[in-house]
Amino acid sequence: MTESQAVTTLEEARPRSFWADLLVRLIKEKPLGTVGGVIVLVLLLVGILAHVLAPYGYNDTYVGPRLAPPSSAHPLGCDQLGRDLLSRIIYGARISVIVGLSVAGISVVLSTLIGVVCGYIGGKLDLIVQRFVDAWLCIPALFLILTLIAVTGPGMLQVIIVLGLLFGIGQSRIVRGATMAIKANTYLEAAKAIGCSTGRVLWKHVLPNVTAPIIVLFTITMGAAILAEATISFLGFGIPPPTPSWGGMLSEAGRRYMLMAPHLALWPGLFLAIVVYGINMLGDAFRDLLDPRLRGGLGRYDIAIRRLPK
Amino acid sequence: MIKKAAFTGLLTIVLITSLAAGSCARGVKEVTTAEKEKPVYGGTLVIASGVDPTGFDDAIQPHYVCYTTKFTNEELLTGDWTKGRAGGYGTGECDWFVGGGLNRLEHKAGALAERWEIQGKDTIIFHIRKGVHWHNKPPTNGRELTADDVVFSLKRQCTLPTAYFKRTYPKAAETTEIYAPDAYTVVVKCKPEYFGDVITLVTDYMCIYPKDAVEQFGDLNDWKNSIGTGPFILKEYVKGSHAYFERNPNYWEKNPLGPGKGDQLPYVDAIKWMVIPDESTADAAFRAGELDILTCDWERAQEFLRNPQLKHVRYWDDYGQAHIYMRTDKKDKPYADKRVRQALWLAIDNKKILDEYYGGEGTLLKWPIMYFKEYAGAFVPLEQLPRQVQELYEYHPDKAKQLLAEAGYPNGFKAKIIAYNQRAYLDPLQMVKDMWAKIGVELEIEPKDYATYTSIVIRRAYDDMLFGWYSGIGTYFKAINYTGTGMYNGSYIDDPVLNKARDDMLAAYPDEAKVDKIHRELLPYLLEQAYVISLPAGYAYRFWWPWVKNYSGEASVGYYNLYNYTKYIWIDQQLKKSMTGK
Amino acid sequence: MPIIRPACLRVNRLAPIVIVSDLSLQNTRATILGPRIKARKFIRALHTRTLTGHAFFATICALLPQQYYSYGSGKSMRTYIIRRLLLLIPTLLIVTLIVFCAVRFIPGNVIELMAAQSGEAEDIEEAIQAIKHHLGLDVPIYIQYFRWLGGVLRGDLGKSLWTEQKISEELARRLPISIELGILAILTGLLIAIPIGIFSAIRQDTIGDYVGRSIAIFCISVPAFWLGTLVIVYPSVWFGWTPPLGIIPFFKDPLGNLRQFIVPAILMGMVMSGTTMRMTRTMMLEVLRQDYIRTAWAKGLREGAVISRHALKNALIPVVTIVGLQLPILVGGTVIIETIFGLPGIGRYFVDALFQRDYPIISAVNLVVATFVMLCNLAVDLAYAYLDPRVQYT
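Order-wise, the sequence lines are chains A, B and C. Residue numbers for the first sequence follow numbering that gives the first Met the number 0, so the first one is 0 and each next one is one higher. Residue numbers for the second sequence follow numbering that gives the first Met the number 0, so the first one is 0 and each next one is one higher. Residue numbers for the third sequence follow numbering that gives the first Met the number 0, so the first one is 0 and each next one is one higher.
Be aware that a few hints might be false.
[Unchecked claim] Derived Cβ-Cβ restraints for the label pairs, each shown as a range:
{"#": "1", "chain 1": "C", "residue 1": "289", "chain 2": "B", "residue 2": "235", "range": "57 to 67 Å"}
{"#": "2", "chain 1": "A", "residue 1": "210", "chain 2": "C", "residue 2": "88", "range": "56 to 66 Å"}
{"#": "3", "chain 1": "A", "residue 1": "72", "chain 2": "B", "residue 2": "351", "range": "15 to 25 Å"}
{"#": "4", "chain 1": "C", "residue 1": "289", "chain 2": "A", "residue 2": "52", "range": "48 to 58 Å"}
{"#": "5", "chain 1": "A", "residue 1": "74", "chain 2": "B", "residue 2": "223", "range": "56 to 66 Å"}
{"#": "6", "chain 1": "B", "residue 1": "335", "chain 2": "C", "residue 2": "88", "range": "54 to 64 Å"}
{"#": "7", "chain 1": "C", "residue 1": "142", "chain 2": "B", "residue 2": "494", "range": "43 to 53 Å"}
Treat the hints as calculated values from the structure; they're not laboratory data. We treat Cβ as the ideally placed atom computed from N, Cα and C, and that holds for glycine.
Isolated chain A, as found in the complex (with noise of 0.2 Å):
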């Protein structure tokens, strides 16, 4: 390969913006990620399709014989209460995609907000905020759920901001150390320099360079907090019936009826399960495709080459 040849391919190579060559590089690389990203999408349509998919009502009870197994007018089988365990899940789906979304939404701008901040800005606002987060840490996460959700009561909307500020918080940590592994770089004191006002910094020249583990953070996220949910409704804390929740007919109706009726357990279950586990592997596709360490000279020794033309 001559020189001109390789710098006419290099120059032929049209740059491509930063989502569309995470996109392509996710569907080429990683192959594990990608079907995480099929798992998320998928969840996505059927949570937001759920009264179009579902046959039945969440709660429209009786509409089959009590705890029927599968059949073929029911799927998925009956619950307690001779509700299509289907169309629960369906909507269960729904109401995933709600509480993770804006679990994870939630989480990320406080954990941002809070981490870029003190991270950049340093010095005493930077000591005494970190003090409250430690405290917030140290304060057990189970006695803050109930705490909140004893006084506003239970319901979506309490569940989606109690868990928003509890990993909102505790992920600040994570941001604040990111925003102070590039804080001491030229560019920075380059921009300051010229005049630029803190919040600009902060805008332009800051927050792109964390973004990674934000995007990382923000996957995780959405996979705890399914996950937290169930827990917690576990606990009774969790959404009111008769809401479906996958963690809620998990920890309810699916371990008292383990023995007489092991569908009921095995439906949520298994799509918490796949749902949490592309979710992860989407993160983790991200976070390899995002890290800088992990980039370009020092990715991939063999899909380097095969980038190259022979």
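The hints should help you fit chains B and C onto chain A, whose structure is shown.
Relative to chain A, chains B and C alone:
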């Protein structure tokens, strides 16, 4: 004196039934035959509870949460074991299947009091049993029980601010006189208007404690200081895990009937009382033979009913049952109108709930009392109620819509109900929500955790509807479920007809036959007013392994005397070894 | 008490205040000096001999930014440790205060719960007042808090409101159970996670990697309570076996005790191993790209030697921190396992107290757990500094 459902929230609603003949399930028979073998001493009984005790002295914490005192301490009277099934030798007048609430004087026998006399409506005289000894522990060291101890214990209940009697009936506590004319007699005198309260508590509720021990320790609320006259001595208690009791070798009682008549009780050497909060774990332990007796609801019972080796009984229990209360006192709310209340009731398909959710076996009649053998005189079965009342228990959605329209709600309305966040409470409400949606009433369910829920229930601090508890059978003559300002009048009922009936019943007490008659005549009116809507109740079951002998499924012989059946039980250790190899 | 070297005086000319403190108890001197400005007449020299005095100054130091003071002896690590330990105090105060107050405002307070048991009373208010007084809850909150704090400083964690049982006794009984469960869980978690993580990393993007990562994700996707119930229910049906009821103390019967703990420990270990597995894999991947590994390969070392002698130590540093971060879960997050398996540990103690609104227990457990969490964080930071020579604490 009602236990609150929180403690058995996880063990679900336990139900009591009448002793209906021929109520056999496949393979497993209800116990009716008499035991022929002679009892043998020895062995350890393992029983389970879902919750820890929260006290050890019933003058500090209420009697029904001091679980260990039911093994170690006794009261003046107790339920008469010989009137129950008693291993097949009793008269069978009583079942004693439920955990509490059974308090008929005619079913009592003397425990620490050998005999008693009621004079007029203000005096009870107890003749204390001779030869009863305290546990052989310092400071009592096995000395004899005297009237002094009894007077001291009863007076404590009247004076300590934390004592149940003083807290709940302060005026009665202040005006009750208790004294001992001699070493073996105790006289209790009170005002006639408080006689009903005093009798229910002084006889079979207040535990007797040794005077010297209480004076030495201040109170007996620390388990290590537990001293009583009971059949078992508390040796060890690990919170959250178990309590361990050993046999009291100096116990006064002898087996009153059967092949073991005359034997000194108890038979078993030790009792392991395990704290198992999780249902599945309790089931698993029973399945594996680690647990001797198991109480469960009809669904969990299905698997055990298939095991021909096990013995069982089934019954209804009024403990922990919940009903739909409404703010009938608020004029701006729809519930002040009787037509709305009846419409809401008519729109619930009770039979369907019973068939589908309770397996077709249960009772539709739950409020204000359920059927208990011991209280059959106060109960009116469904067939004997007038037609309008029977209709309410049936399903008539069109009539419901019509009544709603007449009352001014042709398009229905929105309702909110506060409930305890356990499955056993929320499942029926979800069915109700679905049924009411068909007549246009939108129900929103608000589950609350135990403490929040309880504080709402005791102050009746709800705005719309409440899925709350009621006072069980033992207090039926006080009519607190539908009169007065206590927490059990959940629907804020203030009906002159009902108030008069209550006064009549209180005046007639303790003539229980008369009280029953007044109650029976009141029921049709009370139910027709539909102040409270109650959903059906299913059966509860109690299973035990065949090596547990001389046991017929009792839970409490007397008024909240949980576990006192354990002194009559003997373990067939050979049988146990052959069945489980342990 | 060890003698700490006398402090060297460091004056920062820009700082208005300099605090010099010598932590040697034999040579106590805490002085506030000031710059040569008009405010000098307000400057006093303060001496203190007491630990409280030192703690007071140290707290002030802790709250001030670094450039305003110099503190302690020359060795920076020791300084750092002391500073962190003293920072514990204000954080603990904040935490305990928040929890103390918050729990009293949750609807459904303990007085009403106790009064609920006098259900038939016509007038519940009298009962409520009597109970309030008996429990000592009729004084304002700050007085309650200071009473509690005073008790804690004397070593008395209080008594349960319901059973009047001493909390320190109960904690002493429950902490070993939770700690034992935790240690076993961490060990099993590490045993599962590290080999699979390493394997995944060395065989990246092969089937082995995919299987390994799938196991990791499975471990964290399935809720622990569901697995726990599965483990209890099915063996009792198939084999007639159930985990033993009632806690078996370790010193009475070590084997029985281990048998009782091993199943819940494995379950918890599985749940925690997911994150550790993935972190191990990531760090191994990063380390394997380094130059010194390439050198090791070039030298001709076997794969085993390369991994164990060169890669592992460096890769495991963050893994240590991850494990350290998981330690707090052991005192707080074990409720569900404890409920299902019937182990009386701290988790259940706390949750039961929370449901019954038993305030002293809630505050005491909260204090213990918070201290434990902060000490764990400190230990993790120190371990990190110790293991990785590049990390410096000033």
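**Prompt:** Looking back at the hints listed earlier, which ones does the structure fail to meet?
**Reply:** 2
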